[in-house]
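Undergrad: Single-letter residue listing:
Number of protein chains: 2
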Amino acid sequence: MKVPLTGAVAPYVTDMSDEPEFRRDPVCGRWAVVAPERSRRPMTLDGAEPRHRKNGERKPCPFCPGQEHDTPREVLAYREPGTPADGPGWRLRVVPNRFPAVRPDVDEEACSVGGMVFVTTPGLGRAEVMIECPEHLTDPTKLTDGRFADVFRAYRDRLLTLAEDPRLAYAAVFKNVGAEAGASLGHTHSQLVATPVVPDAVEAELAGGKEFYTRTRRCVFCDLAARELAAGKRLIARSANFLAVAAYAPRFAYEFWVLPLAHAARYETLSDAAALELAVLMKRVLTALDRAQAEPAYNWFLHAAPLRSAELPHFHWHLEVLPRTARPAGLEWGFGCYITTVAPEQAAWELRAAL
Amino acid sequence: MKVPLTGAVAPYVTDMSDEPEFRRDPVCGRWAVVAPERSRRPMTLDGAEPRHRKNGERKPCPFCPGQEHDTPREVLAYREPGTPADGPGWRLRVVPNRFPAVRPDVDEEACSVGGMVFVTTPGLGRAEVMIECPEHLTDPTKLTDGRFADVFRAYRDRLLTLAEDPRLAYAAVFKNVGAEAGASLGHTHSQLVATPVVPDAVEAELAGGKEFYTRTRRCVFCDLAARELAAGKRLIARSANFLAVAAYAPRFAYEFWVLPLAHAARYETLSDAAALELAVLMKRVLTALDRAQAEPAYNWFLHAAPLRSAELPHFHWHLEVLPRTARPAGLEWGFGCYITTVAPEQAAWELRAAL
Chain A
4 MKVPLTGAVA PYVTDMSDEP EFRRDPVCGR WAVVAPERSR RPMTLDGAEP
54 RHRKNGERKP CPFCPGQEHD TPREVLAYRE PGTPADGPGW RLRVVPNRFP
104 AVRPDVDEEA CSVGGMVFVT TPGLGRAEVM IECPEHLTDP TKLTDGRFAD
154 VFRAYRDRLL TLAEDPRLAY AAVFKNVGAE AGASLGHTHS QLVATPVVPD
204 AVEAELAGGK EFYTRTRRCV FCDLAARELA AGKRLIARSA NFLAVAAYAP
254 RFAYEFWVLP LAHAARYETL SDAAALELAV LMKRVLTALD RAQAEPAYNW
304 FLHAAPLRSA ELPHFHWHLE VLPRTARPAG LEWGFGCYIT TVAPEQAAWE
354 LRAAL
Chain B
4 MKVPLTGAVA PYVTDMSDEP EFRRDPVCGR WAVVAPERSR RPMTLDGAEP
54 RHRKNGERKP CPFCPGQEHD TPREVLAYRE PGTPADGPGW RLRVVPNRFP
104 AVRPDVDEEA CSVGGMVFVT TPGLGRAEVM IECPEHLTDP TKLTDGRFAD
154 VFRAYRDRLL TLAEDPRLAY AAVFKNVGAE AGASLGHTHS QLVATPVVPD
204 AVEAELAGGK EFYTRTRRCV FCDLAARELA AGKRLIARSA NFLAVAAYAP
254 RFAYEFWVLP LAHAARYETL SDAAALELAV LMKRVLTALD RAQAEPAYNW
304 FLHAAPLRSA ELPHFHWHLE VLPRTARPAG LEWGFGCYIT TVAPEQAAWE
354 LRAAL
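Chains A and B supply the protein sequences, listed in that same order. For what it's worth, this note's numbering labels the leading residue of the first sequence as 4, then goes sequentially. For what it's worth, this note's numbering labels the leading residue of the second sequence as 4, then goes sequentially.
Please note: incorrect hints may appear among the correct ones.
Interface residues of chain A toward chain B, partial, derived using beta-carbon atoms under 7 Å [what the hints assert, rightly or not]:
| id | residue |
| --- | --- |
| 1 | V200 |
| 2 | V201 |
| 3 | D203 |
| 4 | P331 |
| 5 | F338 |
No wet-lab data here; the hints were simulated from the structure. As the structure is a computational prediction, the values presented were derived from the model and not from experiment. Using N, Cα and C, we set each Cβ at its ideal position, and we do this for glycine too.
Isolated chain A, as found in the complex (with noise of 0.2 Å):
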């Protein structure tokens, strides 16, 4: 066994490239990404305020219109009729993410590494940047609704793109808004990053959905809705065909999702009218919780089900929203138990009476 002296610095040699890599833990199999490249990503966003957004930063940023040079070609574009792709003249950009955490040109073949405890696969997918509007807007809640909904809508319409690759399973689409959140830079920007596996936590989602399922013939998504109108204390906001409720078992304080009232597993099924009623409330929603808990900075994503699935009937999918409210610790961390001190309950009645 070759055992570097405690002390002794062995040079560093790496049988890597800087290529991304997935590596999957010898011991509970969670998967993470080792991605060198995005340690040269831009960040504007130090965050020297923790909890709250922080909005200051240079202008024009490279999501600004006339800085479409700074970011690759863009895959979908909302754009004045005419205009030409990569100039101004867009309301909502689609541009693969300068800065990957997966990338679709890797070898597949030659570098997949199997092994009973250091399993490696290369980082194959695709990761994608959405410029939600031309202005430098940090805030999403300052965009228009018809803005807002364009941001739904392109979700729906990338979902549908991303699916014509066989090799991608999952398209995880997410939204970090302040430094606290992850954001490295404030213009108001969404993410995809597509992936030849289904992420841990939907898949966690897919089987409990199924479980109950299989108990009760009913999707559990469906029946909390329906318990949720029912009880009212943890409801928050709901117009026609949408829900936004407080999460029964919260991570952060504040934290909600937002779901449709009738049945869909499948988002790419999301009308336009549908995506103008889910921007209206959540921006009702999101402005409710900037006034309750000033700014605080916040994740939500989108869980549906996996990129040409069929319509499942055990899962139904949603907007989840994570308000950075507190700081999670080692029992968060190294044991997967959150703590909240505020009951959804109180949560719901506080953004109700900001609403």
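Starting from the known structure of chain A, arrange chain B on it as the hints suggest.
TA: For chain B alone, coordinates are given in the frame of chain A:
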């Protein structure tokens, strides 16, 4: 169905007391603790500096000698012979958490609620704080070797005592250093949270270890240790009986694990001599981390066999150290997928160089 009008504020009525409760996520089954009482805890580390530690705070703090009246009565203390409990003269002191997430005195039968969707159970358990030294040190690497060893001895002593309560299945032991890692007080301390269930993250490791053992008749951690010693590239430091290695599939850059070389599932078997050896190794590697990453905030936590467990062939106790070197964002929070930009091999090289 009772549906509040959107915008109308229903009065906040709750059928809950202030008592902590466990709640199960209706979909994926993750447990959370709702503990309103904890919102009253003092927070002296507001953490204007997000990544690094902040040491300034009022003194004397509630953990300093002479302030013993500020904490509940000690359940363990290493103190000078003849000094009375709950006064000065101690070098390490364990007290119930004054703002507990779980409590030993909840009425377990009275308020257990089962259901298909909303499952809650009283927040039974014990939450304790281990004050690691009388001096107002905020940095554990400033402890003498002997004091540092006291911490690892006291973990063992508390696990042995907590195991006497048959209602408790597991005691989560962890430490938060720096506001960004969730510490609310700077005076160096650890925490113990003992619960009637084994936490999800430990269950996942127990299950992963068992699966590996079933296939190979080997402990995955023993295998990992042997392979890391042989390969050397993720090795940070070792002593006669312990190993510190960069995690193969890290959640955060510079994450490292410390484990005994000889198989041991139960932390309770740790000898005083081994506690000292472990302390010396941990101090060295943490000091290197401080040098390499400018004193980052971090957590460490102990993963060990459940209380009153038999010696398990498939599990192996270990410490995991998670430096807060990046801010988890939507991909991490929403999908359980962690991205690191520093390869573990690079991290190990840097930490070896900083030893």
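Undergrad: If a hint holds in the structure, say so; if it doesn't, say that too.
TA: Structure-based check of all given hints:
| no. | hint | in the structure |
| --- | --- | --- |
| 1 | V200 | violated (9 Å) |
| 2 | V201 | violated (9 Å) |
| 3 | D203 | holds (4 Å) |
| 4 | P331 | holds (6 Å) |
| 5 | F338 | holds (4 Å) |
Hint check: violations occur at hints 1 and 2; the rest are consistent with the structure.
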